[in-house]
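Turn these sequences into a full structure, and let the hints steer you where they fit.
Order-wise, the sequence lines are chains W and P. Per my numbering, residue 7 is the first one in the first sequence, and the count goes up by one each step. Per my numbering, residue 775 is the first one in the second sequence, and the count goes up by one each step.
Some hints could be false.
[As the list claims (entries may be wrong)] Taking lysine-lysine and the DSBU-like style, the derived pairs with C-alpha atoms no more than 30 Å apart in a straight line are: (1) W:Lys147 <-> P:Lys980; (2) W:Lys25 <-> P:Lys1199; (3) W:Lys15 <-> P:Lys1037; (4) P:Lys1403 <-> W:Lys147; (5) W:Lys18 <-> P:Lys1041; (6) P:Lys1000 <-> W:Lys155; (7) W:Lys153 <-> P:Lys974; (8) P:Lys977 <-> P:Lys1509; (9) P:Lys1509 <-> P:Lys974; (10) P:Lys1509 <-> W:Lys147; (11) P:Lys1000 <-> P:Lys1170; (12) P:Lys964 <-> P:Lys980.
[As the list claims (entries may be wrong)] Label-pair distances were calculated between CB atoms; the ranges are: (13) P:Glu1075 <-> W:Asn121: 35 to 45 Å; (14) W:Asn121 <-> P:Pro1098: 53 to 63 Å; (15) P:Gln1258 <-> W:Asn121: 55 to 65 Å; (16) P:Gly1203 <-> W:Lys76: 35 to 45 Å.
[Unchecked claim] Partial pick of chain P residues on the chain W-facing surface, computed with a CB cut under 7 Å: (17) Arg988; (18) Lys994; (19) Gly997; (20) Tyr1001; (21) Asp1004; (22) Gly1180; (23) Glu1424; (24) Ser1456; (25) Arg1458; (26) Ala1460.
If you're looking for bench data, these hints aren't it; they were derived computationally from the structure. Quick reminder that beta carbons are idealized off the backbone N, C-alpha and C, glycines included.
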Amino acid sequence: MIELNVNGKTVKYDGDEDKPLLWAIREDLGMTGTKYGCGISQCGACTIHIDGQAVRSCTYPVGALEGSEKITTIEGLSEDGSHPVQQAWAELDVPQCGFCQPGMIMAVSALLKENPGATDEDIDATITNICRCGTFARVRKGIHLAKKKL
Amino acid sequence: MTKLTSLSPSTLSRRGFIVGTSAIGVGLSVGVLSGCKDTSAPKDPKVDYSNLPPNPEVNAWVHIHHDDTVTVRIARSEMGQGTSTGLAQLVAEELDCDWEKVKMEFPTPGENLKRDRVWKDYSTGGSQGLRGSQQYVREGGAAARQMLIGAAAAKWDVPAEECTTDQGMIFHKASGNKINYGAMAEAANKIEPPSEVTLKEAKDWKIIGQPKLRLDTAEKLTGALKYGQDVELDGMLMASVKACPILGGKLKSYDASAVDTRKGVKKVMQLGDNAVVVVADSWWTANKALEEMPIEWDAGEFAEYSTADIDKLLDDGIQGESMPGNVKGDAEAALAGAEQIVEASYNFPSLNHACMEPMNATALWTEDSCEVWCPTQNGESVLSAIAPVSGHDISKCDVHKTILGGGFGRKGMPDYAVQAVMIAKEMPGTPVKLMWSREEDMRQGFFHPITKAKMRGGLDADGNITGLDIKISGQSILAALMPQFLEQMGGVDLFTFQGLIAPGTNPRAEDQTLKYTFPALKFHHAMKNPPIRPGFWRGVNLNQNAIYLDCFLDEMAHAAGRDPLEFRLAYLKDSPKMAAVLQAVADKGGWGSKDGRHRGLACIYGFGSYVAACADVSVSDNGKLKINKITAATDCGHAANPQQIEAQVEGSFVYGLSAMMFQEINYENGRPVQENFDSFPSMRIADMPEVETIVMPSGDFWGGVGEPTIAVAAPAVLNAIFAATGKRARQLPLKDQNLRG
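Structure, rendered in structure tokens:
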């Protein structure tokens, strides 16, 4: 039994400690905004925050947590979709299929928290999520728009 | 006035041909899956609209709530291409309602069957979403408007023709009457549907042609939107499947006892003759058990098969006999009499679709019924595929389409839904969600056809083309997936010539014809089918044919010492629309500027639209490519939603250039080598060039948008690489090649 702090709430997890956080979040906690895309930390669809840092949850075993960490998923980024990144994404109609976007938004929001003035070079070096629809042009515009809303 | 074509039998699209096999006219009762939440505010704050019984529909396309919320029902699937928003715009335009109160939902294929296919074709491919349904959905909206007017006119006892509408209100000027649609929806349902409607002229459009925001964005930003992967049903179990990874191989044996006592594992079973499934209370548990279970495969005849075998097969095709696709004049004689002969060979590899959301389907089988929830590009093909597997009559089955996490052609195939039903049938009453691992998704694809081509062109002393010979060797999608259609065409797969087809060859290929005019040409195909399952991959055969044609024209232009823009335009005199998009990208893309930048051009006609691109690239001293900017132009006739067209064009470069730069599926010992994004990379944001999109609708036709631009991505960049290096890159993917080497 491990106690986890997810989106500001304490939840009990008594499953397999080898299970990646992605599956604990999706199946044990029932929050499906965090997506499975590759299982090997390549695509970033499973990106969440652990203590504010972007983490690819598909390869992060629950047992690696101490329990004190603050875990944030897309469901907990804001109460009503009002995070500056979500607002910028809505204004620019960034998503196409949208499947990668929860992970993209989590990666971008972590970047802007760490580096509110992120440049194009910072974006290129930090945002490595895959989007097969190819929303990158609007993602970039969205990041710069979100900076103004921070 | 136009007669309502929506009342006539639907014509099947190319994709529809594959899968439009459902029995028609079988009834069953099913619910409707809503794609959007109701965010509109009630009209009168004193009225609790939720307590009113819902209005009946006005007609199949239009339901109007008491509070004037308009729900437009869309048959085509939504996979990010924006079709659902575009089609809703078309209906809303003719309905003349308030766009801010529009939402959309998907009727199920079962409901479509029950209602004699009133929503027609569910197939969502071939960039047909808008162009293939624009006529009947606009008529649906216009008919609903007419019925609403009829109801109001009867209520006021005035002639219907004196009534007007605007923004979801009906007006009668002489009497001063006015009323909102929501108040007339119930009465409109009882009005006889009109047999003829008048559609608005394009100049009067207020919603079509506007850069409206998508209807489904909000839920995509909070994680609330449920994709197939996210379907949850009470008591549901999870399944992972592993089919034989070796081409044509079978399952020999598996040791269920190694995993079936593990905590959470519910069932280990064989699926058909080539796959094993583990069902558990968690997908991670199921997949881990599957990975760790000893499985032996019966490799079969392709145990040693490799990419070298495919190369040899295709090379044999280049040397051997071929079938004509487009022949004009005597190309051989024209080449024989030429002053200069230009020759080149290019290839296009096998590719996986790699949708972000791997294949998945949830099935619930009982003694009486079978239901499936899944992301699919064709709900009707899933329904017709699962019914026989379920053992139930099709009237006892239905399919609930979810939004797709990418489709790109892959999710037009129903294989994964069939698997889910096979599993669920072994567990009556228990819903089972089958999810493929990324590795399973990569191995069990319907891959982009693999081809090579040899081009020969003749130039006269003035640098004009005398004749052109393009010989394509390789895979036919139709041979594998639609053999009956191939037979109808006399064994020639006309669609392998997509973009190269002579106008007038086949009515179903008119949207894929060659727009260049050459004095003599011979385009022919040596059909060579390796044992890889081919499929429709976004852009389909236009992808390689645009490279074969347009890179080679670039080579000929340089051999002739002519400007590649001027050279192309000289052969586009019969196609002003093609010439216009090419000229547009040249002008905006800085073609001809003496600024030291390196540019390449490409243009093609496909899926009924004219597209062109101008790429600006740099190649480093050690031969590494950097794509700086791409200027793209699209003439799709009518542009229903310009900002969504821009999104499709930008995305097309990511899809097309990811393939050109990084992607191929190779085979060793009969197995695909690439199994995940580490070995089958896709572009990241750092690789993304600036894209400037020119949407230039010429206004007298409806062309596709989702696919054509992909085809110009690679040739424009390949031609720009030559401009930068003086060397041709002819082998795809570029990956580790030193482009200066």
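To see whether the hints hold, each was checked on the structure:
The hinted pair formed by Lys147 (chain W) and Lys980 (chain P) meets the criterion: a straight-line CA distance of about 28 Å does not exceed 30 Å. Among the hinted pairs, Lys25 (chain W) with Lys1199 (chain P) is consistent with the structure: their alpha-carbon atoms are about 29 Å apart, no more than 30 Å. Our distance criterion of 30 Å between C-alpha atoms is met by Lys15 (chain W) and Lys1037 (chain P), whose separation comes to about 28 Å. As the CA atoms of Lys1403 (chain P) and Lys147 (chain W) are separated by approximately 16 Å, the hinted pair is consistent with the 30 Å bound.
A threshold of 30 Å between alpha carbons decides the hint, and for Lys18 (chain W) with Lys1041 (chain P) the separation of about 27 Å falls inside it, so the pair holds. Under the criterion of a C-alpha separation no larger than 30 Å, the hint pairing Lys1000 (chain P) with Lys155 (chain W) is consistent with the structure, at around 28 Å. With a C-alpha separation of about 43 Å, the suggested pair Lys153 (chain W) and Lys974 (chain P) falls outside the 30 Å cut-off, and the hint is violated. Taken as a hint, the Lys977 (chain P) and Lys1509 (chain P) pair is broken in the structure, with Cα atoms around 48 Å apart against an allowance of 30 Å.
Between Lys1509 (chain P) and Lys974 (chain P) the alpha-carbon distance is near 50 Å, which puts this suggested pair outside the 30 Å criterion. Using a Cα cut-off of 30 Å, the hinted pair Lys1509 (chain P) and Lys147 (chain W) holds, with the two alpha carbons roughly 28 Å apart. The suggested pairing of Lys1000 (chain P) with Lys1170 (chain P) holds, with an alpha-carbon distance near 25 Å, which does not exceed 30 Å. Under the criterion of a C-alpha separation no larger than 30 Å, the hint pairing Lys964 (chain P) with Lys980 (chain P) is consistent with the structure, at around 28 Å.
Hint check: Glu1075 (chain P) to Asn121 (chain W), Cβ distance near 56 Å, so the stated range 35 to 45 Å is violated. Checking the proposed 53 to 63 Å range against Asn121 (chain W) and Pro1098 (chain P) shows it holds: the Cβ atoms sit about 60 Å from each other. A C-beta distance of roughly 59 Å is found between Gln1258 (chain P) and Asn121 (chain W), which places it inside the suggested range of 55 to 65 Å. For the hinted restraint 35 to 45 Å between Gly1203 (chain P) and Lys76 (chain W), the CB-CB distance of approximately 41 Å keeps it satisfied.
A cut of 7 Å between beta carbons decides the hint on Arg988 (chain P): the least distance to chain W is about 6 Å, and the hint holds. At about 3 Å, the closest approach between the beta carbon of Lys994 (chain P) and any beta carbon in chain W falls short of 7 Å, and the interface hint on this residue holds. The interface hint given for Gly997 (chain P) holds, since its Cβ lies 2 Å from the closest Cβ of chain W, which is under the 7 Å cut-off. The interface hint given for Tyr1001 (chain P) is met, as the beta carbon of that residue sits about 6 Å from the closest beta carbon of chain W, less than 7 Å.
Here the hint on Asp1004 (chain P) is kept, as its CB sits about 4 Å from the closest CB of chain W, short of 7 Å. Contact between Gly1180 (chain P) and chain W, as hinted, is supported at the beta carbon level, the nearest pair being about 5 Å apart and thus within 7 Å. Contact between Glu1424 (chain P) and chain W, as hinted, is supported at the beta carbon level, the nearest pair being about 5 Å apart and thus within 7 Å. Of the supplied interface hints, the one on Ser1456 (chain P) holds, with its beta-carbon coming within about 5 Å of a beta-carbon of chain W, less than 7 Å.
With its C-beta approaching chain W no nearer than about 5 Å, Arg1458 (chain P) sits inside the 7 Å limit, and its interface hint holds. Checking Ala1460 (chain P) against chain W by beta carbon gives a least distance of about 4 Å; that is within 7 Å, so the hint holds.
Violation of the numbered hints given earlier is confined to hints 7, 8, 9, 13; the remaining hints are satisfied by the structure.
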